[in-house]
Structure formats: C-alpha cells, structure tokens
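Protein chains in written order, with this note's numbering: chain A, 1 to 444; chain B, 445 to 793.
Hint data in this document are derived by calculation from the structure and do not stem from the laboratory. All values reported here derive from a predicted model rather than from experimental measurement. Hints may contain errors.
Stated by the list, open to error - One-sided and incomplete, this derived list gives chain B residues near chain A with beta-carbon spacing under 7 Å: (1) 506; (2) 509; (3) 520; (4) 525; (5) 535; (6) 539; (7) 542; (8) 592; (9) 664; (10) 740; (11) 743; (12) 744; (13) 754; (14) 760; (15) 764.
The beta carbon of each residue, even a glycine, is placed where N, CA and C say it ideally should be.
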Amino acid sequence: MATTLGFHIILACFGIALPSFVLLAEYVGLRQRNETAMRLARRWSQVMGVLIAVGAVTGTVLSFEMGLLWPGLMRRYGAVLGFPFALEGVFFFLEAIFAAIYLFGWRRLSGWRHFWSGVPIAISGIFGAMSVVAVNSWMNQPGGFVQKNGRIISIDPWQVLFNHASSYEMPHMILAAYMVAGFFVAGVYAVGIMRGRRDRYHYTGFSLGFVPAAILTPIQILVGDTAARAIAHDQPVKFASMEYVAHTSRNVPEWLGGVDVGGRIYGGLKIPDLDSLLVGFGTSTKVIGFDSVPLADRPPVIWLIHLSFDAMVGLGTLLLLVGLWAGWEWLRRRRLPPQRPFWMASAVSGVAAIIAMECGWIVTEVGRQPWVVYHLLTTADAATTNGGVVATLSIIVALYAMLGVTTVLIVRTLTRRWRDNDRAEASVPYGPTPPFSDQVGVGP
Amino acid sequence: MPATIGAILLVGIALYAVFAGADFGGGLWDLLAGGTARGWAPRRLIDESITPVWESNHVWLVFDLVIFWTAFPRAFAAVMTTAALPLWLAVAGIVLRGAGFAYRKEITDLRLLRVAGATFALSSLVTPFFMGTVIGAIATGSISANATHANQSAWTNATSLLIGFLFVAACAYLAAVYLTSEAERRGQSALRRYFARRAQLSSIVAGGLSLALLAELHGSNRLLYDRLTGRAVALVIVAALCGLVTIALVSERVERHRLTRAVAALGVTAVIWAWGVAQYPVLLPGTSITLSSGGAPEATLDALFGVFVLAAALVGPSFVLLYRMQGRRLLGTDESALSSRSLPESGDL
Chain A
1 MATTLGFHII LACFGIALPS FVLLAEYVGL RQRNETAMRL ARRWSQVMGV LIAVGAVTGT
61 VLSFEMGLLW PGLMRRYGAV LGFPFALEGV FFFLEAIFAA IYLFGWRRLS GWRHFWSGVP
121 IAISGIFGAM SVVAVNSWMN QPGGFVQKNG RIISIDPWQV LFNHASSYEM PHMILAAYMV
181 AGFFVAGVYA VGIMRGRRDR YHYTGFSLGF VPAAILTPIQ ILVGDTAARA IAHDQPVKFA
241 SMEYVAHTSR NVPEWLGGVD VGGRIYGGLK IPDLDSLLVG FGTSTKVIGF DSVPLADRPP
301 VIWLIHLSFD AMVGLGTLLL LVGLWAGWEW LRRRRLPPQR PFWMASAVSG VAAIIAMECG
361 WIVTEVGRQP WVVYHLLTTA DAATTNGGVV ATLSIIVALY AMLGVTTVLI VRTLTRRWRD
421 NDRAEASVPY GPTPPFSDQV GVGP
Chain B
445 MPATIGAILL VGIALYAVFA GADFGGGLWD LLAGGTARGW APRRLIDESI TPVWESNHVW
505 LVFDLVIFWT AFPRAFAAVM TTAALPLWLA VAGIVLRGAG FAYRKEITDL RLLRVAGATF
565 ALSSLVTPFF MGTVIGAIAT GSISANATHA NQSAWTNATS LLIGFLFVAA CAYLAAVYLT
625 SEAERRGQSA LRRYFARRAQ LSSIVAGGLS LALLAELHGS NRLLYDRLTG RAVALVIVAA
685 LCGLVTIALV SERVERHRLT RAVAALGVTA VIWAWGVAQY PVLLPGTSIT LSSGGAPEAT
745 LDALFGVFVL AAALVGPSFV LLYRMQGRRL LGTDESALSS RSLPESGDL
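With the rest of the complex left out, here is chain A (with noise of 0.2 Å):
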C-alpha cells in the first residue's frame, strides 16, 4: 500500500497541477499570441495526458488496494469515509473527461473555447485533491460519526469532509502538488539552459514553471508552520517524534538532523528553547513528550520521521532561497540571475520538491501509527487477515516498477519525437531562425 501510494502520490500531484500549469501557457499564449507558449502548452498537455492516464490507473488499484490490503479498515469505517472519496469519485470524472475533451480537442476547437474545456481539469483537479485530503486528515483526527458496540450508526458528511485537520492538509497538500509540478517543469529546462540551450523556448518553459512556484513556496512555508503547531496540539505524539520530544517538559530545545538511539541523539544541532519558542511564540511553552503513552502506542521509527520532517522543512527553505534569488535578481536587473549555482538548484529544484512532498507524507504516515485511525483503529486490525502478503507486495512492487518505467519511457520517446521535429524544422534552408532544439530530461 504505501508503495503504490508513495508511487501514485506524484502522479496525483502532476494530475493536480499540470493543468494549471498548460492552461497558464496556453493562456500566456493565446493572450500575448506568443509561439512559444503555446508550443509549450501543446507539449506539456500530452505530457499531461500521459500522466493523467497512469494516474487514473495507479488510481483504479488503489480503490482495489482499499477492500484487498485494508478490509478491517473498509468494514469499520467505510460507511464514514466513503463519502469524501465518492465526492473525489465525481472530480475525477469530471477531469478525465475534459481532459480527454482537452487533449483530443488541440487545433480543433478555437483558440479561447480550447482554453475553457481545459479549466474544469484544473478546478476538478484541485476539489478532488481536497476530497482524498479530507480522508487522510479524516484518518488524524476522525470526527463527524456516531459509534455503536462497534457499528456506525449515523454520520454527519460535511463534519467528516471538512474534519478538524483538512483545514490546514489541504492547503498543504495542494501548494505541494503546485511546487512539485512547477519546480519539476522548470527543472526540466533549466536542465536544457545549462547545457547551452539558451533560447526563448526554454527561457519561457522555466518561468512558466518557476515563477508560480516559487511565488507559492513562501505561502507553503506558512501553511506548514501552522499545520506542525496544529499537530503539536491534535497529535501530540505525532509532534514529539518529529522533533524529538521524549519528555514532556518546557524549554524544550530544537533539534536539527541527528538519529535517535534508544533515547540518545546522536550528530544533531541543538538549539535551546527553539522548539518551545516555536510551538507556543515563548520559550517556557510546555511540548508534551512521547513518554506521556505507553511504548506500544508510539510510532515504530522516531528517527526516520523526525529526520523526514527536517529533509521536508530544509528542502523548503533552500526551495524558498532560490526564489528570493531569482526575485532579487529581478527587482534589481530585469533578469533572470546568470550564476551557474543558480541554475544547477533550480534543475534540481522538481527532484527536491518531490522529496520534500515524500518526507512529509512520511510523518504523517508513520508519525500516526500505530494507529491507521487515530485512537480507533489500529493498523494491524485494518490490515487484511488473507496470507502472502509478502507475495503481493512483490508483485505490486513489480507492477509499479514496470508503469513507472513505462511511464519515464513515455514521455523521453515523446519529447525526443519533439526534438526531431524541432531539428527538421530547422532544417528548412533560408527559413526564420528556428529555436533550438529542445531537451526534456526523464520523466517522473
């Protein structure tokens, strides 16, 4: 399960954000009747199509993956959060449909009308990401329902939608999706600009990604300082083994890095009081420790998450430099700065993103186990009592092993096709000066 979800994560983030990302170009296009941008648009919307379709695959298993890993999970709870994900149900019609509409509709419907069948991808896009949230927020802090002698007996939906955690999951959920999708396309041609390709294509492709990134990461910043103090409250344990926390006391201090030996740190900064400082604005603010449940009731790896939440955190900030950079340099000069280093992190910048996204679904993962429905549920009586697990995770290992190759093929076998096409246009005698030819890098 986690395999296939840590898999379909990604592609969920590009089927949540690329949209906006091709109708941002195809809009810059259309309104500026620039080539480029429109070229662009073309381009990524079949890169577009191709993720969408493995998503909708990825997707189709994970429903399967829900009743065949989870049935513990299903027969206690599914009458609960069923709804939110029926409710995703809809979206995701909805987005396969105008993407189909989207993408086979290139050249055939006119300018403005093509750009509109592209908007209900983008807005179904992002209610479908907050109908999946609003289940695993539901799953950290599950509310909205009546329990009796172990039956629901009533539900209230819009309480289980819109649950105490989803209002700060969410936002968090999708600027990542719009980090990731934005940093990783402008990654792709900052690749192709250090390698000498310095046209207007590329230079276009990389802002089109860039710029809204790295406008959204500040945000990010913010929506996740919020959410970290929400979970200091909500999930208390949860917090500690981010920040480890083993007794509950105040003037806790901050931990940067380090691993957790059987309650020594070994090889991390220690900043005093930081951590109280930032949990409460003072620095005898009181964190409560993982002593304070039992051992059976804390998660498994405490290192692993809290050295997660720090990659996530770090990743951010440095995601966070490399935009005030690129900011900086143009309030001063108009331009995009010319360093090299710059270039070099912005074509890491997609990869990092997506760590940074993975480490956070890491926390709150394995930070609420063991429970898989905070204090309900735990997670080996969600898990299915049918034997070979082992087996089956081989072969789903396998599977996705095999789409995600697939996939990385896909696309290389499209956009070197692109760079054919570029180089036979550019074969032209005595034509316009063509751009040069363009280079995609691998594929998620």
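Here the structure of chain A is known, so what remains is to put chain B in place on it, guided by the hints.
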C-alpha cells in the same frame, strides 16, 4: 434508501459494463485480428474508437467500487477478502492494459509495438474474465459474511467460471456491434462486414453461454434459477431478444448504427439487472447480509445519494459532450509529431 443505493450501484455496474466492456472487447478483437498486415485496418479502427474515451469509461469502475464500500462496507470487505486472488489478477490486468495501451500510442518500433499490443489485448481478456468469476462467487453464495481468508473454491466453481466466460463474450459482442456501426459511419464497408460477422458470432456465443449458465444453475443453484425464470424472466427475455435483434440489425446495410448500439447495450444491461432482481433484497446470498441489514447508516446513504445527484448533474452532461464531440469527430490525436505513424487522416472522412 438502501434499495435506491443498490439500484444506483447496479446502474453504475451496467454503465461500466456497457462502456468499458466494449473497450475490453476491443482488446479481444485486436488480439484476434491476425498478422500485422491483415490486422492493420481493424486494429486502427479499434484504436481510434477507444483512445479518447477509455479513460473516462474506466472511471465507472472507481465510481462503483466507492459506492460499494461506502454503502455496503461489510459486504465489500467480505468480497474483497474471499475473492482476493481473482481481484488481484483483474487489477494486474487493468494495470498492464493501461500501460500497454498508453505505451502503444507512443512507440514506433514494430517489435515493441507487438509486445505492447499483445499486453493490451491479453489483459483485456483477463480483466473481464476474473471480474466475472467474482460476480459468480457472489451470485452462488460462496462468500461468507465474516470471511477472514481467501477462498479459492468460491470463484472456481462451474457457475463462476461460466460467468467469467460470459463476461468475455459479452464484451466481445458489445465491441463488435459498436465497431460495426463505427465502420458504417465512416463508410468503410469492408470493415463493416468484418465486424458485423463477428458481432453475430459473439452474439451467438454469448447467447449459448447464457443458456449453458441457466442449465448449470438448474442443477446447482435452484433458487437463483427459479428467480431468473420467475420474477426476472421479463429481463431475461429482453436480453435474449436484444441478442437476436442485433444479429438481424448488423446484417442490414441501412444506417441504423445508433439503434443497433442501443439494442446491444440494452441486452447487456438487462442481463445485469436480471441478476440484481433475482437476488433482491439479498446482497450476499447465503448470508444474512441484505441491502438494508448490510447497509451503511441512513446519513451515509443520503450523502451518497446527494453525490449521485451531483454526478448526474455534472458528469452526465460532460459525458454527453465528450461522446458527441467524439461522434462528430471533433476529437483526434494532434500535434503533427503524433502523426509520425503516418495515419492517413483524410481517407475516412
């Protein structure tokens, strides 16, 4: 309300069968189309008719699963546990099929193209077959309410296997009928005859399998047999008539493609509804789980109904739009780059 949701679920299953079933059947005809040269024309027609719509058709499955687990969580958990193996195989088929189909569009190397095509075609066969066996396991009452372990005999009994084969035949039948009318609309008369023959053949095979199934049920599951020939008999007759009418309709040359499609779809829908009516109000035969006793609380079902209304209001018109644009051939693969497989676009307009 549980009965309403049950009906919605049945509608969803019928829609999945009618739309996605045809896509699966397309894979079967792709598999049987013969060598590269001989199979080129039918494969191309299959490909062009499936490409823009398969993803949307596929979403019906997600929709059905979600309704199933939300409205009837206990039954869902029981089915998913008992029939885990065929469901995993169906999932594998779905993954391979999606990958094979998507991949095939983007590759140009002939050998790889064959591999991708074979993957797509074979998995189109696997998925409906195993889904059929799962339906068989439910219908024969082989699923126990509090199942904790997979049970292979649940879906390997004669009834379940027959239903599996029937599913494959029904998919082939739907696809052949749709492709016949598609070829007719494009004025490709050779292809029209090609698929009309196959539509007739698969109609006969599906009909034969249905009769065999009824005969088998007569011996093994008297209750279901009595109900299929009792309260659900009207639907069974409709299904049989639809099969016969299609055989007659596809052989005609007149432009009746819409009617033929509708009749074929109606036939398959009637079979699914016959199953539902025969089983009503029991959800898992052989257990105490009925629509009402196995259902989620009222508020969940109300919410689900609300979602269904929303879906009908939003998704319905969008679907009509998609199919109308597909019908008027407003949708086609684009970017000159994509035509590197050099499909003569104007030839069939």
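Now for the hints, and whether the structure bears them out:
1. 506: Status holds, d = 5 Å.
2. 509: Holds. Min distance 4 Å.
3. 520: Residue 520/B check passes; min Cβ-Cβ to chain A is 6 Å, inside 7 Å.
4. 525: For residue 525/B, the interface hint holds, since the closest Cβ of chain A sits about 5 Å away, which is under 7 Å.
5. 535: 5 Å, holds
6. 539: 5 Å, holds
7. 542: Since chain A brings a Cβ to about 4 Å from residue 542/B, closer than 7 Å, the hint holds.
8. 592: 4 Å, holds
9. 664: This hint is violated: residue 664/B lies away from chain A, its Cβ roughly 27 Å from the closest one there, beyond 7 Å.
10. 740: This interface hint holds because 3 Å falls under the 7 Å limit.
11. 743: 5 Å, holds
12. 744: 5 Å, holds
13. 754: Residue 754/B check passes; min Cβ-Cβ to chain A is 6 Å, inside 7 Å.
14. 760: 10 Å, violated
15. 764: Hint violated; residue 764/B Cβ to chain A Cβ min 10 Å, cut 7 Å.
Hint compliance for this structure: hints 9, 14, 15 are broken, all remaining hints hold.
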